[in-house]
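Chemist: Since chain E is already given, all that's left is putting chain P on it; use the hints.
Which chain is which? The protein sequence lines are E and P, in order.
Residue numbers for the first sequence follow our numbering, so the first one is -4 and each next one is one higher.
Residue numbers for the second sequence follow our numbering, so the first one is -4 and each next one is one higher.
Calculated directly from the structure, the hints in this document are not laboratory data.
Fair warning: there could be bad hints in the mix.
Since the list gives no way to pick out one identical chain from another, each pair is judged satisfied if it fits inside one copy or across any two copies.
[Claimed, not checked] Below are the DSSO-like pairs computed for lysine-lysine, each with C-alpha atoms no more than 30 Å apart in a straight line:
#1 Lys199 with Lys253
#2 Lys176 with Lys15
#3 Lys291 with Lys243
#4 Lys243 with Lys73
#5 Lys186 with Lys269
#6 Lys269 with Lys156
There are 2 protein chains.
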Amino acid sequence: MSLLVVGSVALDTIETPFGKADDALGGSATFISAAASFFMKDISLVGVVGSDFPKEHIAFLAGKGINLDGLQIIEGGKTFRWSGRYHFDLNTRDTLDTQLNVFENFNPIIPEAAKNAEYVVLGNIHPALQLQVLDQVKNPKLVIADTMNFWISGAYDQLVKTLARVDLLSINDSEARELAKEHNLVKAARKIMEMGPHTLIIKKGEHGALLFTSDSIFSAPAYPLEDIFDPTGAGDTFMGGFIGYLAKHDKLDLDHLKRAVIYGSTLASYSVEKFSLERLQNLTSKEIESRYRQFKNLSQFEE
Amino acid sequence: MSLLVVGSVALDTIETPFGKADDALGGSATFISAAASFFMKDISLVGVVGSDFPKEHIAFLAGKGINLDGLQIIEGGKTFRWSGRYHFDLNTRDTLDTQLNVFENFNPIIPEAAKNAEYVVLGNIHPALQLQVLDQVKNPKLVIADTMNFWISGAYDQLVKTLARVDLLSINDSEARELAKEHNLVKAARKIMEMGPHTLIIKKGEHGALLFTSDSIFSAPAYPLEDIFDPTGAGDTFMGGFIGYLAKHDKLDLDHLKRAVIYGSTLASYSVEKFSLERLQNLTSKEIESRYRQFKNLSQFEE
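In isolation and in its complexed conformation, chain E is listed as follows (with noise of 0.2 Å):
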C-alpha cells in the first residue's frame, strides 16, 4: 500500500526545561512520515523548504525510504522556522517566533505516482490546502486530516468544506471542544463526526487519546513516562504509527483501528523522549513491539 503525506517541514528551535535545540527538524510531514516509515516503504511527502534546509536531514528523510519528489526546493527561499519554549508541566508552551518563510505561499502539488495512493494524511496546514490536495488525488481508501485551533477559529468555514471530505479527523480535545462549541468530550465527537468524518480520534496529551467510530469508543492510555524531554511532533508522530500500522495491514476494521491506535501511542511515547525526531532516528522495531506489550500490560485486565 502507499501513503501520501502533506504537511509542513520546518526547522524548530525549541526550549524545554531540559535543554535548547537550534534548527532542529521538525514540521507535520516530518514527524508523520518518519514515523509510518518504521511500518511500510511507499511513502510520498509533499511539501516546501528553502535551499537552507540542511541536507542531512533530505538524506535522513530519504534514507527512511520516504519518497521526496513532492518536497519543493525553493531556490534562495527560507525554509518554515518555528520557535517555542515549554513551561515546566510541558503540556504547555508559548510559541516565541514564527517565520512562514517559503510556507507563506505553500501550494501544494501531487506527483503523479503519489495521486494513486490509498492512504492519504493531511497534516496541519490550511483547510483550503488540504482540499487542494484532496482535489488532486484520485481514489483514495483512507482520507486522515489533523487540523489546529489557528484554523478553527481563523478559516472555519473552509475547515467545514475540508471535513466533509475527510475519513478520519486527528484533533486534541481542546480543538475537539472548540470546533464543536460543546464541552462534553462525548457529545462533541458526535457533532464533528455530524461534519463529515467517521472515525475520530481525540487526542489528550498525557491523558492519551480516545478512538470513535459510528458505533464504538476505545480509550487508549498514554504511556506513563518518567521524563518526557520535547512533546514537539508527538501528536504528528502519533498520526504517523497510526496511519504506518493500518496501511501495512490494509485493514480498517475496529480492531485494526485500535491497534493502530495502540502503535501510533507507541511512536509518541518514544518520541517524547529526546529532541525532534532523535530518538526516531535510532528507534528499533524491537523497541515498538516491547512498548506494544507494555501497553497491553497498563491497560488490559481480566473478566
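Modeler: Then chain P, alone, in the frame of chain E:
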C-alpha cells in the same frame, strides 16, 4: 469479610448547570459504604451526625445492610453541611459554604465488633483522626486512606505519619503532585509510595485512574458519559466499589486490584448520572456487570 468505613456524613447543597439539590445525603463515609454494599454485607460505618439528620437517610443506609452502630448522633447538634456550585465544565467547583457543626469535634470511636474488620477505609478526614482509627483496629489486611489538598497543605506532618501506616492511598492527580512536590505523575507516585503505601491510586476525573503497585502500573479509562449530572462523591463512590469488590473476593493480587479499579470506575460512572446518591439507590447488579463489560470493550485490544 468485613469492612470498616470511617469518614464524613453530610448534607450537601449542590448547584450544577443542570439543577440544584438542597440538603442531599453526602459525605465520604456515606458514598464509600453505599457503593461497597453492592458487593458485600458486613460493612460498619463510623461517623457523626446531628439530631437533624433525616431518618430517611438512616433508613436508606440501614436498608443497604450497613451497620450504623458507629454512627454517633449528637442530640441537639447539627449535621455537617457543605454547599458548592459546579462550573459549566463540571471539573471545577466553588465551595459556597462549609458548616462543620458536629463534625468539628468528631472523635471516631470504633465499635468493638468493627475493630476486627479485615478491610479499613479511612475517608477524607483529618489525618490525626485517621491515625486514631488505626490505633483502635486490630489487624486489618488492608488499610486504605483518602486525603485532600486541605490536609496536604494544612496538616502535612500528621499526614506523613498517617501515610506510614497506610497500605493504599487514594488521591487525585493534582493532590498527588502537591503531596510529592513533583509534577511528573510517575515520579510523584514513586515518592508517595516511599512515604508508606505499597499501592497507590491516582484519580484523574474524566481521564480515569492510575493504579501503581511496587512493580506495575495499570491505567483505567473513565467511562465516556454524555451527561454528567453531579460529580459530588465520585471519588468516594469509586473507592467504595473498589474496596467492596476486593473485600468480597478477599484477594489482593494484581488481577483483583485491576478488576477492583474497574468496578470502582463503574460505580462512580453511575453515581454522577444523578444528584447525590440517587443513582445508587436503584442501581442493579445487572447494570454493574453490563457497564463492567463496556469498560472492557472500551479499553481492550488484541495482540
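Chemist: Now, for every hint given, state plainly whether the structure supports it.
Modeler: Against the structure, the hints:
1. Proximity of Lys199 to Lys253 under the C-alpha cut-off of 30 Å is found in both arrangements, the shortest distances being 16 Å within a copy and 23 Å between copies.
2. In this homomeric assembly, Lys176 and Lys15 come within 30 Å of each other (Cα to Cα) only across copies, at 25 Å, whereas the closest approach inside a single copy is 36 Å.
3. In this homomeric assembly, Lys291 and Lys243 come within 30 Å of each other (Cα to Cα) both inside a single copy, at 21 Å, and across copies, at 27 Å.
4. For the homomeric pair Lys243 and Lys73, neither the shortest alpha-carbon distance inside one copy (35 Å) nor that between copies (67 Å) is at most 30 Å.
5. Within a single copy, Lys186 and Lys269 get their C-alpha atoms only as close as 36 Å, which misses the 30 Å cut-off; across copies the closest is 24 Å, which meets it.
6. With identical chains, the CA atoms of Lys269 and Lys156 are never at most 30 Å apart, being 37 Å at best within one copy and 39 Å at best between copies.
Checked against the numbered hints above, the structure violates hints 4, 6; every other hint is satisfied.
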